[in-house]
Amino acid sequence: MQLILNIPAQQATENAPRKAAVFACYKDGSLLLDARDNLKPARFTMQPTDNFPWSEFIEKLLAAWQLCDYSDVPEAFKPIKQIPPFVIEGLPNEPVPQQLKILATLRSQGYFAPLANPSK
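Numbering (the working numbering), first residue to last: 1 to 120.
Among the clues, some could well be false.
[Said to hold, decoys possible] The calculated lysine-lysine pairs, modelled on BS3-like cross-linking and capped at a C-alpha distance of 30 Å, are:
hint	residue 1	residue 2
1	Lys60	Lys81
2	Lys19	Lys40
3	Lys78	Lys27
4	Lys19	Lys78
5	Lys40	Lys78
6	Lys27	Lys101
7	Lys101	Lys19
8	Lys27	Lys40
9	Lys60	Lys101
10	Lys40	Lys81
11	Lys27	Lys60
12	Lys60	Lys19
13	Lys78	Lys60
Note that these hints are calculated values from the structure, not bench results.
From just these sequences and the hints, can you work out the full model?
Quick look at the structure:
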């Protein structure tokens, strides 16, 4: 199962819609994406203020977790320990800002590896 996302056109995508997968997540909230549409640039960075499709990402992430197929899950979201079923079941019912807070809480509780600083 691939976590390929539809990234809306914006400055980070050179004003063109893109298909991409999350390659890396950083402490500052930026994301490095790996293009899956054969367009250039092949990798691009999105900042926390950019229009990232979090709801689509979380939906696909939850499906991968439920299937226990972590092959295409970004390292930053591969569970180190089993995520409680009530979290997986309840996450889709929350608004996106709350979903992001829940993911951050899981990270702080050791369910995911700590995020690195972006390399300059």
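Original post:
For which of the previously enumerated hints does the structure constitute a violation, in increasing order of number?
Top reply: The structure conflicts with hint 10 only, although it agrees with all the remaining ones.
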